[in-house]
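A.B. asks: If you're matching them up, the sequences are chains A and B in order.
Heads up, the first sequence is in this note's numbering, so the first residue is 1 and it goes up one at a time.
Heads up, the second sequence is in this note's numbering, so the first residue is 1001 and it goes up one at a time.
Hints are computed from structural coordinates only; laboratory data are not their basis.
Beta carbons are placed, not taken as given, at the ideal position from N, Cα and C, and that holds for glycine.
Keep in mind that the hints are not guaranteed to be accurate.
Listed below are the simulated DSBU-like cross-link pairs for lysine-lysine, each with C-alpha atoms no more than 30 Å apart in a straight line [to be verified]:
id, chain 1, residue 1, chain 2, residue 2
1, B, Lys1094, A, Lys68
2, B, Lys1156, A, Lys6
3, A, Lys8, B, Lys1049
Quick list of simulated restraints, FRET-style, between CB atoms [what the hints assert, rightly or not]:
id, chain 1, residue 1, chain 2, residue 2, range
4, A, Asp80, B, Asp1054, 38 to 44 Å
5, A, Ala53, B, Ile1017, 46 to 52 Å
6, B, Leu1142, A, Pro91, 37 to 43 Å
7, B, Ile1017, A, Lys90, 28 to 34 Å
8, B, Val1060, A, Asn88, 25 to 31 Å
9, B, Leu1142, A, Ser51, 35 to 41 Å
10, B, Val1064, A, Cys18, 42 to 48 Å
11, B, Leu1118, A, Leu17, 31 to 37 Å
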Amino acid sequence: MGIGLKKKDVLLALIILCVIGFTVLIRTYIGGAGANRVVIKVNGAIQGVYSLAEDREIEINEGTNILKIKNGEADMVEADCPDQLCVNQKPVSLDHESLICLPNRVVVEVESKEESEYDAVTN
Amino acid sequence: MKSKVAYFGVFTSLALIFSYVETLIPVNFGIPGVKIGLANLIIVTALYKMRLPDVFLLSVVRVVLSGFIFGNYFSIIYSLAGGILSLAVMAFLKRAGGFSVTGVSIAGGTFHNIGQLLVAMLVVETFSVIYYVPVLLAAGMLTGFVIGVTANEILKRLTAVK
Ligand SMILES: [Zn+2]
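The task is simple: from the sequences and hints, build the whole structure.
C.D. replies: Quick look at the structure:
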């Protein structure tokens, strides 16, 4: 069947591919090694920072979500949200990876120690 | 006039069917709620068959109806952002000229996902969703391509029926 691609179509596709390549580069640059803790945010406000090295279970937002840290990975094991999408997400361990629960406005973000801006609230 | 209303009805029901099929395909892009946008096939086809205001109306009706039937409050916001941004970009490129149906659809698929990403960023107030940009763009491009080629074939046959 004829796809009938035109010159501008190809140009458009190339531009999108370039943007993809560029964002992959940025991601590799900001990602990478050194990720060793998770920041938990509710409604955009930081609730706590936990090391990925220590295995433990954390109750977020007075128990609406339960996060489990095990073997250097963080996983949402329980949530009272209707969609359960956060529970179905894979465990995260890489820098800037995140677990998101939209209904409860909960974000769990992996970060590296060098970004010490949150140190004040570390418990 | 009669045929216009009929077109609208048929397109709306088709779009709803595609929205339903979409709920059966579990795709996980890492961001909860983000969908691949199968119903865009109907929107792309409609873009070449109906007046722009009608396509816009179709797009909104589709999102709101499917949101109430298959989704929730969040899926409506997501799809609305994705759908409107995608339609705006597609209408612009179609008017600009020089793009084939496939090219227009590729842009639509890509911006469909960008729209959803923007909403995710606003809702959870984090920029970490940027992490998923490459996957979302690539997926949008691929879906857009497949939809474009399909829409092209549909359009050929639609003209023949007339
Ligand atoms: Zn959740």
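A.B. asks: Each hint should be assessed against the structure and marked as holding or not.
C.D. replies: Here is how each hint holds up against the structure:
{"no.": "1", "hint": "B/Lys1094 / A/Lys68", "in the structure": "violated, 49 Å"}
{"no.": "2", "hint": "B/Lys1156 / A/Lys6", "in the structure": "holds, 17 Å"}
{"no.": "3", "hint": "A/Lys8 / B/Lys1049", "in the structure": "holds, 22 Å"}
{"no.": "4", "hint": "A/Asp80 / B/Asp1054: 38 to 44 Å", "in the structure": "holds, 42 Å"}
{"no.": "5", "hint": "A/Ala53 / B/Ile1017: 46 to 52 Å", "in the structure": "holds, 50 Å"}
{"no.": "6", "hint": "B/Leu1142 / A/Pro91: 37 to 43 Å", "in the structure": "violated, 26 Å"}
{"no.": "7", "hint": "B/Ile1017 / A/Lys90: 28 to 34 Å", "in the structure": "holds, 31 Å"}
{"no.": "8", "hint": "B/Val1060 / A/Asn88: 25 to 31 Å", "in the structure": "holds, 29 Å"}
{"no.": "9", "hint": "B/Leu1142 / A/Ser51: 35 to 41 Å", "in the structure": "holds, 38 Å"}
{"no.": "10", "hint": "B/Val1064 / A/Cys18: 42 to 48 Å", "in the structure": "violated, 36 Å"}
{"no.": "11", "hint": "B/Leu1118 / A/Leu17: 31 to 37 Å", "in the structure": "violated, 21 Å"}
Of the numbered hints given earlier, the model fails hints 1, 6, 10 and 11; all others are met.
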